[in-house]
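**Q** In case you want the letters, here they are:
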Amino acid sequence: MEELLEILGELHPDVDFETTDGLIDDGILDSLDMVTLITEINERLDVSIPPEEIIPENFNSADALWALIEKLDEI
Amino acid sequence: MTLNILEYLENTAVRLGDKLAFSTGEVGMTFGEVQKGAAAIGSYIAKKGIYREPIVIFMDKHPATVTAFFGVIYSGNFYVCIDEKMPDARISSIIENLNPRIAIANEKNMKRAVLLMGDGEVVSYAEVASCEIDRGVLCKIREKQIDTDAIYVVFTSGSTGVPKGVVACHRSVIDYTEHLCEALGFSEETVFANQTPLYFDAPLKEIMPTLKFGATTYFVPKVCFSFPVKLIEYLNKYKINTVCWVVSAFVQVSSLGALEKFKPEYLKKIAFGSEVFPYKQYKIWREALPEAEFFNLYGPTEATGMSCYWKAEREIEEGEPIPIGRPFKNTRVKLLDENGSEAEEGEICIGGTCLTMGYYNAHEKTSEVFVQDPTNKAYPELLYRTGDIGRYNERGELVFVCRRDSQIKHMGHRIELGEIDSAAMKHASVSRSVCLYDAEEKRILLFYTGECEEKELVAFISKLLPRYMLPAITKKLVTMPLTDNGKIDRRGLINSVK
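Chains F and Y supply the protein sequences, listed in that same order.
Going left to right, the first sequence walks through residues 1 to 75 as the numbering used here numbers them.
Going left to right, the second sequence walks through residues 1001 to 1498 as the numbering used here numbers them.
Some hints here could point you the wrong way.
Said to hold, decoys possible - To give an idea of the interface, some chain F residues facing chain Y are shown, with a C-beta separation under 10 Å as derived from the structure: (1) Leu-4; (2) Asp-30; (3) Ser-31; (4) Thr-36; (5) Ile-38; (6) Glu-43; (7) Val-47; (8) Glu-70; (9) Asp-73.
Claimed, not checked - Derived DEER-like restraints, expressed as beta-carbon distance ranges: (10) Asn-42(F) x Lys-1237(Y): 52 to 60 Å; (11) Ala-1343(Y) x Glu-10(F): 44 to 52 Å; (12) Lys-1476(Y) x Glu-18(F): 26 to 34 Å; (13) Pro-50(F) x Met-1001(Y): 53 to 61 Å; (14) Ser-1130(Y) x Val-15(F): 39 to 47 Å; (15) Glu-43(F) x Glu-1127(Y): 48 to 56 Å; (16) Trp-66(F) x Thr-1483(Y): 28 to 36 Å.
In short, the hints are calculated from the structure, not lab data.
Just so it is clear, the structure is predicted and the values come from calculations on it, not from any experiment.
All C-beta atoms in this analysis are idealised placements derived from N, C-alpha and C, irrespective of residue type, glycine included.
Hey, can you work out the whole structure from these sequences and the hints?
**A** Pasting the structure below:
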């Protein structure tokens, strides 16, 4: 989870990702951030997110995203 | 002969009044509704006695915004669309240049519009759109109109940081619309999915053919472009058959692997432009949609919209640039060398009815780039100098080479940065690259995305290029930073390594 918060923090140093939800609904993460995020998760956490999991529900908060990463990591 | 852009809207409103014209997916307006709304807005503005002036539109991407555009045109004025995402400083500099007396805002943008408009009045869309239509007043305005009257001002970024307002007229937009439609083969059956913001000239590609033919345009919610599968579902839900997007939007979908599992089922026409399509991503799209027609478009805002097109009727080799093809009918392209003579390779200069009127309140800037054709000594004839270098390939197709200013002199050598760029792109694990020159530090910078490690790429390109062309800094990026226009943020990249 810490590594993920680090990645998110690099994208938007001004956002407290531990407490913020609505990352997508409130327009905090835009389409460019999404590509960066998915690439970084792949490289640094060694988890590849398939396109069908790239949906708003999985990216609205750091918690939701971490849950997805854990789920994918188990497979 | 069409002399006024309103004829597109009116003819279609008579023929297909109940057909859906513009929609977000959730909210839509028919041609009849757009026409009535526009006539109401036109009547409201006309009664204020405002004529041949800029009217600012502070609204979101929505069918009502297009209605407001055409309302302004009914009143004999020209519209300037402001995006809510624009920073205040940019909006203020635009308003300072225009000094508008009136702006139309929706509920959401009302407060901000009032703050930014200063002395100018702000009226609500809901109020102006429900004004009673005064046919007499609108008829009087129409009788006075000629096809060189302005219909909009689009602001593009200026090299000095002050935005430049490009003024387009009925005639340039009609000429563009007619020949774009002919070349790309739009019709009443066309269903567009719009991606580009409404404050550029780019959405003319969807708005004008929609009104001309009675086609339909969906304004895709921005969030879809973050979620490729959602985007493809959207395209399938509304049976979208035509898209004209910036290259980055296509790359977003293909680079996240969405096309491997999902397919835009109805997509038949794909037009892209504004930037070079990275070969690998282009190929993924071609292979995913082998039946679709692909078009590369090229053109500056100053020549209304797009000026050249290339239809993909053959496959492109890796390393071969996708051509920009040839000019639209009734558009002239000349390649001029430094002496102003026509050459096989030179600055792309555009002439014809498609030329806009020039920049708003900027005579000097206008005359720097809208110039007398140097090959015509006998009578006045205008050319727009794009600052882009082009050449003809062995098939006689136009190819974009580079920006004029990307040719540099470094250590006494004349260097095309594009050449370094294409050397990097030859590496199998480089997906996108851009080569820049930091004139202050006098060093060549290479930025790229892909899996290739920096050391490996340096070794690779040193085999392809003379020593003096090797970059001082080669930097791997996760993604290319883009400007609001969707182009690579060159200035930002240079500053990032200072």
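**Q** Under the constraints set out in the numbered hints, which ones does this structure not fulfil?
**A** Violated hints: 1, 7, 8, 9 and 10; rest satisfied.
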